[in-house]
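Protein chains: 2
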Amino acid sequence: MRCSTIVLAALLALMAKVPAAQANYDFDNGNAAIEVVIPSVAPIIFQDISSTAGDATLVLRLTTLVTNAWFDAVAPYHPTAVGVYTSLGRRPASESATNANLNVALLYASYRVFNSLLPHRAADWRNMLIGVGLDPDDDSLDPNTAVGLGNAAGFGVVAGRINDGMNQSGSYGRTHNPMPYMDYTGYTPVNTAYELVDPSRWQPDIQRKGIGLYKVQQFVTPQYALVEPYSYDDRAVFAFPPPRDSNHRRVAAYKAQADAVLAASASLDDQKKLMAELFDNKIEGLGFSAVFVTFAHGLSLMDFIQLDFLTNMAAFDAGIAVWEEKTEYDAVRPFSAIRHIYGDEPVVAYGGPDVGAVSMPASQWKSYLEEADHPEYPSASTCFCAAHAQAVRNYLGTDVLGWQIPRPAGSSRVEPGVTPSVDTVLSFPTWTDYVEICGQSRVWAGVHFQAAVDESRAICDDFGDHAYEYFTSLVDGTADSPRAPSQGM
Amino acid sequence: MRCSTIVLAALLALMAKVPAAQANYDFDNGNAAIEVVIPSVAPIIFQDISSTAGDATLVLRLTTLVTNAWFDAVAPYHPTAVGVYTSLGRRPASESATNANLNVALLYASYRVFNSLLPHRAADWRNMLIGVGLDPDDDSLDPNTAVGLGNAAGFGVVAGRINDGMNQSGSYGRTHNPMPYMDYTGYTPVNTAYELVDPSRWQPDIQRKGIGLYKVQQFVTPQYALVEPYSYDDRAVFAFPPPRDSNHRRVAAYKAQADAVLAASASLDDQKKLMAELFDNKIEGLGFSAVFVTFAHGLSLMDFIQLDFLTNMAAFDAGIAVWEEKTEYDAVRPFSAIRHIYGDEPVVAYGGPDVGAVSMPASQWKSYLEEADHPEYPSASTCFCAAHAQAVRNYLGTDVLGWQIPRPAGSSRVEPGVTPSVDTVLSFPTWTDYVEICGQSRVWAGVHFQAAVDESRAICDDFGDHAYEYFTSLVDGTADSPRAPSQGM
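Going down the list, the sequences are from chains A and B.
No gaps in the numbering here: position 407 of the first sequence is 407 in the numbering used here, and each next residue is one more.
No gaps in the numbering here: position 231 of the second sequence is 231 in the numbering used here, and each next residue is one more.
It cannot be assumed that every hint is accurate.
Copies of one chain are not kept apart here, so a pair can be met inside one copy or by any two copies together.
[Stated by the list, open to error] The list that follows gives simulated cross-link-like pairs (lysine to aspartate or glutamate, EDC-like), each with its CA atoms no further than 16 Å apart:
#1 366 with 205
#2 255 with 324
#3 209 with 183
#4 209 with 48
#5 366 with 259
#6 272 with 436
#7 366 with 139
#8 209 with 95
#9 209 with 139
#10 255 with 345
#11 272 with 433
#12 272 with 423
#13 366 with 344
#14 366 with 345
#15 366 with 328
The hints are simulated quantities; they were obtained by calculation from the structure and are not laboratory data.
Construct the entire structure; sequences and hints are all you get.
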């Protein structure tokens, strides 16, 4: 455990800066996915996609596509595996006696995916390869070499997913001035940030950016609901029940679920705040848990790649179903409901750093975390955690997790210098604990009602099972491979 | 000129990183405002306030308050000057034989202002002082020392402006969860980002942030209209005529002014694009021109401080009147009008990098620059430039400017790597040229109609005159000093 704690600390430190060149990188024994690729891309995710990695849709798509590319690139070095978007043959076992070929292949695969997803960072991706002595201008597609396999797998994933419905190119419905990832479904909120016309429905919030600019939310990528999943065909089996208590005409129930959020807000403590921050950050809450188990279980590079693709795919596919429900129900967030019910009447809830639980006008209450840019129901974060956890359980055959995350005093993102008041450890003995806390933390943080968490917990294990089923067919070579490039849905 | 070009290049380079410690800083001969303070704060303005320094209201208030603090801090070293918010006596001429005391005083004054305006960056401000060997824990208010004068002047400006109506504390109308700089006037747009209910009125646009998050604009600080100006009492004298052609019922005129924006967009060339970018960036377009003339005219440190405060005050006060008009007329931006008039019909206009003028559906047209977060009329940028230029003309007694700005090939912010196609120089022989191009660049960039530019050019010299009049009274010691802390309006 100690080793993995150190590795995680080092990863966090690396994320603060572009990794230094590793001219003598140990290709034979290293894990370039963890040691080179993640430290290169993580800071750019925070800068260019989402400053908190809290925007799940774009972050998860990136991590899913790059881990898919790793998987496809190293499949020829596995005894039986085939890729999702490329089927590149089989290499003799002697070529994977060390990690060298796998590392080279995954680095080139990453390079091709990053250049598609974040092309304005081309110089950074070149430096990622140059930093470990590889040539970014090597365009080889020779399936007898690690470079060729990496390039082919990376290009394959790019081609397979460029038209998957997320509107990466920004050209859906437009011939000029592309708007990447822009909604093309025509979603329009019934409420404005200034008026709650329908108290059951989602209201964009006004959120502070930097010291004093305020921006109004827009539902991020409603079209995620239309994206082609990896691991299931029939979406109907995942139907969530309607969020009954978000119907404001059911007055008592509507008030009761809002009161529960206020009560949770009033009960916030350092542990709950830190847990909420952990699971809000998809890189750390989801991704680093996979890195942790890799070290805890002494997984090989091949195993890590498989596990990381499996878990990302599970969460990515879960998100598609969740987005379908979010667009269908367009459900109100707690901040709107609380203002609607109580207006300026006093409520007791979390009142900010150094304040704690306090009586304040309901209209002035704020959730501990900013709401993500989408309707409330169901909880996407909970569903991601449940799908991710179930995928790992399937892969490792155990519910035991044993993840411990040290949080020094004052290390909170939301309340820096204040929270936690003393050095604190976040502890997850089992994956069941992980999912329970992940889900509940969304209520503590004030961004979800309990029902949105409970329904995701009840349903979203299934995505981990479906992903594992498809993954297994890839690993044992029985999957249809390569699959046709996605054409949206 | 060569020297100042080099200095500007160095400043731009410094803005890319926190300045290295200058342990042997030359207090006697240096200009710590230019060499220490600006390089410390500029990158933080870009990170924490506005990534393009295009948000004028918060940027200008910061630069105005810090230059005010410089002015007040060094006033005792001038033969006759008095401060705005502090009147700290007179120091013997021997104490300003070199720049040493002025530099120390302005550094402590900056330190106090920055800690008020950007308190979450406290560590950076400490390092700013420590980097040149000063003690950030020296709280002396002794008016016989440079440290004491700097601290007293800085605290004075903070106290004078903390309640000036901008809602810096975020506590207007709230007892909990402060929202710094949040509107408290109750401004609500009549249009949504999704529907143009009234084609004469402002519509928030949907703007891309990072690779794929989209946010809806909110009018930034409508309360700026209520802030206390430095240099005039009667706002009525600055009344702008109504934006007649933005009335969509005047169909032909409404269409004509929109057509003029499309024609300007179609005529964009490298010079126009770079000019538009220059004046969109208030740090560079306004602030660096003052740094330039400081070197071109060999101004002393005292002169630079006076000029920089004068010009910032002129623009800041101009903005107050402009915001009054923006809130009153709430005028439509070109993008909305063009979509309203033409819908999906083809128009010819700028179509993006590498595209140039092209026929496209009007609904897909985008302005070269993103619109700032406020209604269209009148043009704030033009008014800032006019007020700034007139203030400099008054101070230096000449319209000659002679500013030349080299722009290497591919250095465009909007079209990096593409524009300009060859190394280019932006040239401003006179301040008249500067104002003309500044204003016109807002039409080229597609964010303003011509009338908004013309009216600002016609009126906004006056703010430079008023600012100079008040400034002169401060310098000759006839102003009421200190003035009472502002209590909003």
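task = Output the numbers, in ascending order, of every earlier hint that fails for this structure.
result = Numbers 2, 7, 8, 9 and 15, in rising order.
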